[in-house]
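Novice: Taken in order, these protein sequences are the chains called A and B.
Counted from 1, the first sequence has number 143 at position 143 by my numbering; the numbering is strictly sequential.
Counted from 1, the second sequence has number 334 at position 334 by my numbering; the numbering is strictly sequential.
Keep in mind that the hints were calculated from the coordinates and are not lab data.
Be a bit skeptical, because a hint or two may be false.
Some chain A residues near chain B, calculated using beta-carbon distances under 10 Å [what the hints assert, rightly or not]:
no., residue
1, A61
2, F70
3, M74
Cβ-Cβ distance ranges computed for the label pairs, FRET-style [to be verified]:
no., chain 1, residue 1, chain 2, residue 2, range
4, A, F15, B, N47, 52 to 60 Å
5, B, Q41, A, M18, 50 to 58 Å
6, A, I72, B, L12, 35 to 43 Å
7, B, A85, A, A2, 27 to 35 Å
8, A, A2, B, G52, 32 to 40 Å
9, A, A149, B, F107, 40 to 48 Å
10, B, V325, A, E3, 44 to 52 Å
Here are some, though not all, of the chain B residues that point toward chain A, as calculated from beta-carbon distances under 7 Å [said to hold, decoys possible]:
no., residue
11, F64
12, D119
13, I120
14, F124
15, A127
16, S130
17, L131
18, V137
19, W141
20, V153
21, S156
22, I160
23, I171
All values derive from a computational prediction rather than experimental measurement.
Even for Gly, the Cβ is constructed at its ideal location relative to N, Cα and C.
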Amino acid sequence: MAELLFWLMGGGMVFFTMLTIWSRNPVHCTVFMILSFAATAGLFVMLDAYLIAAMEVLVYAGAILMLFLFVIMMIELRDEEQEGLRLNPLMLVAAATFLLLLGRAVGDLGPVVQSQANEMIGSPAPLAEALFTRFVVPFEAVSLLLLGAILGVVVLNQRSRDERASIGPATPDAGGGSAAPGSGAPSVPGAGAGAGVADGSAS
Amino acid sequence: MNETVFYFATTLGKIVVFTHLALILAALMVLGERRISAVMQSRLGPNRVGYGGLLQPIADALKFFFKEDVVPGQVEKVLYILAPAITVIPALLTIAVIPFGPALTIFGTEVPLVIADLDIGILFVFAIASLGVYGVVLAGWASNSRYPLLGGVRSSAQMISYELVLGLSVIGIFMSTGSLRLLDVVAAQQDGVWFAFSQPLGFLLFVICAFAETNRLPFDTPEAETELVAGYHTEYSSMKFAMFFMGEYTAMFVFAALISTLFLGGWDIPFVTAEQLAAWGNWGSLLGFVSFFTKCLCFMFFYIWVRWTIPRFRFDQTMALGWKVGIPAGVANIVATAFILLPPGTL
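Throw the hints in and build the complete structure from the sequences for me.
Specialist: Right, here's the structure in full:
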């Protein structure tokens, strides 16, 4: 039973990940990626690591991919063009390196054993204890790093917004300036339009 | 009796009873919504089918089944058909960890009235509930038309924002109980005060999020009729349309049950201790169950009451409330709880 579930979840994970790469439609890619994460969570459940499984679904499948979907829908991405495979020497080197490392990793694993999860990651309390005692410095360092990244985004976005704001008011002036010589009435742009209407009704 | 068979039988029984309870309650709530809103507006509402209109939900369901199921030509077929199911399934799954009452004793064996008593109870609820929004978003996208897409985009933004507040608002509770199990949370409230009183800010935030996460007024911008026709379900008809309603009302029941469990003492009856309730045996369990359901029904009435009283927020107001008020207030609540929980004399 457990073995069947393992192959179902593991196979599902690999299958949906491959579909994520292969499909041409960005929304379909995201949906397959969600399914792949769900299968991963299933694997964690089988190892009794309920906390990690819940986090996988909550953070990755629930929140991050929702953001992906949000962005894809906002900018209205279209289907990717079918380009065909263009071989390039660097790609071959990368693929060869990957296969080499994969082979090495599989070799190091040795025979596959169904192991229980470490007690530490199984439930929330031991994990929290480890995070806030033994690993408190790296944990806080990572949180500071993430805070820095968030603040960086806010600052960068703020500057581009200021630039846009400074360009903003200048544009109508430029438009008015270019329209004025054309209509021959330098003062009010509306006057030219009014004259046009008057001409139309007269003729 | 064989222990495994007994376990499977009771679990199956619980699954069947609780899911049906939720679905029947969802159907009755649609009727309740119409009758109560009618009373609030000095009308009668649907009162023809059955006694006082009690069979109206069945008539509605039959009508939905016999309607023509229109699938517009421009839609993305697979996701369009799956989307209504995606809204219903997570709502039903979350029922698995909600404790409906104290343990029953059947043939000398204790059977807890919760389908799966998980260590990470509340995280499971949040994880599964966060998947529910995909139904709305994918419906908006797969419909391949303007207003549903806008509804879907709004919905995803709103859900992401309020999920954060939702998570922050309950941390105070788990800091005081020291456990994520919902049974422990109920036990803590039986011994002490309800968390609605000891965590008032968390309670307020959670209630606001319950409205936002279920797309109820005043947070129903994803389906704002005046701007978006019907939002994400504009292109849906027949039973698919009804499934969105089922999902929405089941989610409302789940949130009502969560609020009862987390903040209103679960099956706790005021001024009755856990020992007294246990002394009554199975009748005590039944009483607890009734108490839990009464709380759920009260909160569901509150849902309807708010919906027909408060006008809809503008979308930017919704977002501002989530990010600029909800999140800081949630963090403040955590810090305040931490200070209260500090053993005296540490500072």
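Novice: Now look at each hint and say whether the structure bears it out.
Specialist: A quick look at each hint next to the structure:
no., hint, verdict
1, A61, "holds, 7 Å"
2, F70, "holds, 5 Å"
3, M74, "holds, 6 Å"
4, F15(A) <-> N47(B): 52 to 60 Å, "holds, 53 Å"
5, Q41(B) <-> M18(A): 50 to 58 Å, "holds, 56 Å"
6, I72(A) <-> L12(B): 35 to 43 Å, "holds, 41 Å"
7, A85(B) <-> A2(A): 27 to 35 Å, "holds, 28 Å"
8, A2(A) <-> G52(B): 32 to 40 Å, "violated, 52 Å"
9, A149(A) <-> F107(B): 40 to 48 Å, "violated, 58 Å"
10, V325(B) <-> E3(A): 44 to 52 Å, "holds, 51 Å"
11, F64, "violated, 27 Å"
12, D119, "holds, 5 Å"
13, I120, "holds, 5 Å"
14, F124, "holds, 6 Å"
15, A127, "holds, 4 Å"
16, S130, "holds, 3 Å"
17, L131, "holds, 6 Å"
18, V137, "holds, 6 Å"
19, W141, "holds, 6 Å"
20, V153, "holds, 5 Å"
21, S156, "holds, 5 Å"
22, I160, "holds, 6 Å"
23, I171, "violated, 12 Å"
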